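S.K.: Protein sequences appear in the order of chains A and B. To convert a position in the first sequence, counted from 1, into the numbering used here, add 3. To convert a position in the second sequence, counted from 1, into the numbering used here, add 1.
Careful, some of the hints might be misleading.
Which chain A residues face chain B? A few, computed with CB under 7 angstroms, are given here [to be verified]: (1) Pro34; (2) Gly40; (3) Pro42; (4) Asp43; (5) Ser49; (6) His89; (7) Ser93; (8) Glu98; (9) Leu104; (10) Gly108; (11) Tyr170; (12) His240; (13) Pro274.
Sample of chain A residues lacking proximity to chain B, with all beta carbon distances greater than 10 angstroms (derived) [stated by the list, open to error]: (14) His31; (15) Leu169; (16) Leu188; (17) Ala192.
These aren't lab readings, by the way, just hints derived from the structure by calculation. Given the structure is predicted, the values throughout are model-derived calculations rather than measurements. No residue lacks a Cβ here, since even glycine has one placed at the ideal position from N, Cα and C.
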Amino acid sequence: MIGYILRRLLLAIPTLFGICVIVFLLLHLAPGSPTAGGPDTLRRSSGRAAEEMRRLYALDRPLPEQFARWIGRVVRLDLGESFVDHRPVSRRIREALPHTLVLNGFALLLAFGLAVPLGVLAGGKPEGVFDRLSGTALFALYSLPTFWAALLLQTLFSVKLRWLPLYGVSADAPGAGLDAVVDRLAHLALPVTCLTYGTLAFVARLVRSGVAEARASDYVLAARARGASRVQALWRHALRNALLPLITLFGLLLPALLSGSVIVERIFAWPGLGRLYFDSILARDYPVIMGLSLVAAVAMLAATLVADIALAAADPRVRDGAVG
Amino acid sequence: MKRAVAAGALALLSLSIGCGGRQESGAAPAPRPTRTPRVKPVLGFLDESREGPAVDGGTLRRRLDGEPTTLNAVLQSSAPEAQVLQYVQRNLFDFDARLNLVASLAEGCEVSPDGLAYTVTLRPNAVWEDGRPVLARDAVFTIQKIVDPKIPSNVFKPLFDDFASVEEVDARRFRVHFRKAYAFRMMAFVFPLLPEHRFAGKNFLKAPDNRAPLSDGPYRVVAWKGQESVELERNPLAWGDRGHFDRIIFRILPDNTTAYRLLTGGDLEVDQLDPGLTRRAAADPEFGSCCRLVEFYNLDYNYIALNNRSPLFADARVRRAVTMLLDRASIVRNLYRGAARIVSGPWAPDSPAYDPSVAPLPFDPAKAVRLFEEAGWRDTNGNGIRDRDGREFEFDLLVSAGSETGRQIDEMLSAELARVGVTARVRAVEWAAFIEKVDGGQFEAASLAWSAVDPNPDPYPYWHSSQCPPNGINDGCYASPEADRLMEEARREMDPGKRTVLLHRLHRIFRDDAPAVFVVNAAQRYGFQRRVRGLVTSPLGFFGIWPGPLGWWQAPAGGTGSP
Chain A
4 MIGYILRRLL LAIPTLFGIC VIVFLLLHLA PGSPTAGGPD TLRRSSGRAA
54 EEMRRLYALD RPLPEQFARW IGRVVRLDLG ESFVDHRPVS RRIREALPHT
104 LVLNGFALLL AFGLAVPLGV LAGGKPEGVF DRLSGTALFA LYSLPTFWAA
154 LLLQTLFSVK LRWLPLYGVS ADAPGAGLDA VVDRLAHLAL PVTCLTYGTL
204 AFVARLVRSG VAEARASDYV LAARARGASR VQALWRHALR NALLPLITLF
254 GLLLPALLSG SVIVERIFAW PGLGRLYFDS ILARDYPVIM GLSLVAAVAM
304 LAATLVADIA LAAADPRVRD GAVG
Chain B
2 MKRAVAAGAL ALLSLSIGCG GRQESGAAPA PRPTRTPRVK PVLGFLDESR
52 EGPAVDGGTL RRRLDGEPTT LNAVLQSSAP EAQVLQYVQR NLFDFDARLN
102 LVASLAEGCE VSPDGLAYTV TLRPNAVWED GRPVLARDAV FTIQKIVDPK
152 IPSNVFKPLF DDFASVEEVD ARRFRVHFRK AYAFRMMAFV FPLLPEHRFA
202 GKNFLKAPDN RAPLSDGPYR VVAWKGQESV ELERNPLAWG DRGHFDRIIF
252 RILPDNTTAY RLLTGGDLEV DQLDPGLTRR AAADPEFGSC CRLVEFYNLD
302 YNYIALNNRS PLFADARVRR AVTMLLDRAS IVRNLYRGAA RIVSGPWAPD
352 SPAYDPSVAP LPFDPAKAVR LFEEAGWRDT NGNGIRDRDG REFEFDLLVS
402 AGSETGRQID EMLSAELARV GVTARVRAVE WAAFIEKVDG GQFEAASLAW
452 SAVDPNPDPY PYWHSSQCPP NGINDGCYAS PEADRLMEEA RREMDPGKRT
502 VLLHRLHRIF RDDAPAVFVV NAAQRYGFQR RVRGLVTSPL GFFGIWPGPL
552 GWWQAPAGGT GSP
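Bound conformation, chain A alone (with noise of 0.2 angstroms):
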């Protein structure tokens, strides 16, 4: 099993590399320039300016020397400064990776947690009527369009009933104690939701068929011929054998967390990573694009180790190599 760790580890190096390489070169191969500005800018450097703006931040360097540069200062966990404010990227990406982290952890909790019950109950018994119900709500609630479902909440719980705040982490004066807490909760309603619905009828329908395929399987059948009830039977035996893709996809979606989502985030102005990255690609700020993408390639990669030392764990035939 170390050996196995370790043999995935080393070969992540590689793959961070080129991810890295291709990351760049997407981004200077682009058309746009950090010395334009984006569209809100006062005054567009030109001429000269833009000329001196190049050389400060090294933009008229060749390609590869600016490559070297960048990876010369990441080995030394030095991800640069942004061209934007000149603060250290890492700094940047510290202020906005917890709030992401807290709005998509929720999100991605809440949506497993629904979508295990659910998909059994479903599977249980295929073409039930719980089972077209819920697959036909759920279908509807996979396409339904973020944007459009976020401003309805916010008519809703906020215009109308003015029950949840339309925007933002806190409030002003968000209190103390268990008002805070509270406070924070309420903030999260909102975007929770928009981010939550969509996983959570991907993963209910995956559970359901999962199930469903294992509840006719002989296994089952034996199970049931030993006594065990029907609920045993679904919940202990079937479920279990369910769950194994369901490990797969987690660790797909795990890098999500860090990831954000820049519709959500700007419609409720959270102030996460989805708007950085977004802000950055509009201003083409280099050292924060490329940083942020190397985050998402750690925890990508990352994730997806996680998951197959899960799947390892949880299948005896990964472990001993007999499958994948």
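With chain A fixed as given, assemble chain B onto it according to the hints.
M.R.: Structure of chain B alone, referenced to chain A:
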């Protein structure tokens, strides 16, 4: 399609007044007062500075559509920084609502007879938030930073193009030398100062003051929560105009609809409205009960740049024909619902450079066809598209993605062009890519908007033949010896009256040469809580002027009466 560059109005009256060193008035500059709108918004100049008495206190909650990149005045580059810094840092000189230059942090200014040296005297009572006086060495330090090639001071650098040197005369006076005399030079002195003592021995780009600036204005920064808000409170050591609110909170809200809902919900005092939200506000009873719509014209206008270097648009007859195919009256009626004015040259109608007697070219497709034919563009191969020397008349008409109005204008032009055998493909391009193409001169036609940062009407940087890409931002590379000569003359002419004559002659040439398709000057729209009073609009908007938003106050809850 927003294009951000310095644009133009006055400056003509301003030299004399600016350098005269007018005293700080305390109250707003109060030109022609108009009545507060009651039901319908008033389109035009609004001045409530004489209403009152103004009440002190309360919190003003405003919106920023993006995070400020810095609060270092020299490094500021976009609108959010400028909106916050206006409360925190005083400019040497400011524009008032009538675009006159008024002394602000400076007490006055003397110009040498050759027009090369400017000696500015600072106000004796001006102090920083830490109690130290604002000194000439702060000004020398600030100017040295602006012109430093290693400092990206994009907003102020162009003002110091002909800069030679700066020196401290005494504790309160400094002198700036320029290599050339320039008629609009005073515009260069509308900038704030930085306290030298806070930056000593620190990396200028990363100094802690860039996040927490030392105020010399009416308010100081209390808190800046990344991507959330910036909070200001009164500066206890403020001198001069003080402002009426006790606190100012800027909420950082990227989404227009969310901001609108905060406004109607009573959580913002003011927000700018886009065309969609303006229509919504007009029919929204919630908006009607809490808020009022304020509409006015500023110096911005939009236009379609044509690449004069391209064989398609090198001939002025062709460019005139394209202008005559854009039905601008219909754009005003249908796209802007009447709240826009057709422009016939590169200024908005409120700019003194704009000659109202220069009528715009009419919408005249028949005449346009004749002009195309005269220029040699005929359909010789019978494919329905005009051609000349084997080249078909077809081109990409670029627009910045997300500019809804720009795209609609382009579609209208494209449809008219198609009727006379010219193919214009409307292409939406992401902003950074768009502006790189445009500033590089790598385009045939592109939809742009001009945002005025100051009222400088000098057309030289944008239309003089020496400023074609890559040297400058005469993006379409318009080149006319006669216009060049007049632009050079206007820059040298120190007499405001004579300068206006020159600019008016230029205006006529711009109309007839049609270096670009000048479209309209559209109204700006803001929603305000009804309780907020003391509004003064100007051709630079609410915020580019002094005292601008400092004159606003909030009527106490309850007895608000009208409006």
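S.K.: Quick one: work out the minimum CB distance from Ala192(A) to chain B and report holds if it exceeds 10 angstroms, violated otherwise.
M.R.: 16 angstroms, holds
S.K.: Holds or violated: the hint that Leu104(A) contacts chain B, with Cβ atoms closer than 7 angstroms.
M.R.: 15 angstroms, violated
S.K.: Just to be careful: measuring from the Cβ of Asp43(A) to every Cβ in chain B, is the smallest value less than 7 angstroms?
M.R.: It holds, given that the least Cβ distance between Asp43(A) and chain B is near 4 angstroms, below 7 angstroms.
S.K.: With chain B as the partner, please determine if Tyr170(A) meets the hint condition of a C-beta pair closer than 7 angstroms.
M.R.: 5 angstroms, holds
S.K.: Is the hint on Gly40(A) kept, meaning its closest Cβ partner in chain B is under 7 angstroms away?
M.R.: At about 6 angstroms, which falls below the 7 angstroms cut-off, the nearest Cβ of chain B leaves the hint on Gly40(A) intact, so it holds.
S.K.: Taking the closest Cβ pair, is Glu98(A) under 7 angstroms from chain B?
M.R.: 5 angstroms, holds
S.K.: Verify the interface restraint on His240(A): the C-beta must sit less than 7 angstroms from at least one C-beta of chain B.
M.R.: 48 angstroms, violated
S.K.: Minimum Cβ distance from Ser93(A) to chain B below 7 angstroms?
M.R.: 14 angstroms, violated
S.K.: Answer holds if the nearest beta-carbon of chain B is closer than 7 angstroms to that of Pro34(A); otherwise answer violated.
M.R.: 4 angstroms, holds
S.K.: Beyond 10 angstroms from every chain B Cβ: check whether that's true for Leu169(A).
M.R.: Check fails; 6 angstroms does not lie beyond 10 angstroms.
S.K.: Can we keep the Ser49(A) interface hint, with Cβ of chain B closer than 7 angstroms?
M.R.: 5 angstroms, holds
S.K.: May I ask you to check that His31(A) keeps its beta-carbon over 10 angstroms from the closest beta-carbon of chain B?
M.R.: Per Cβ check, His31(A) is outside 10 angstroms of chain B; nearest 13 angstroms; holds.
Figure legend: structure checked against the earlier numbered hints; hints not met, in rising order: 7, 9, 10, 12, 15.
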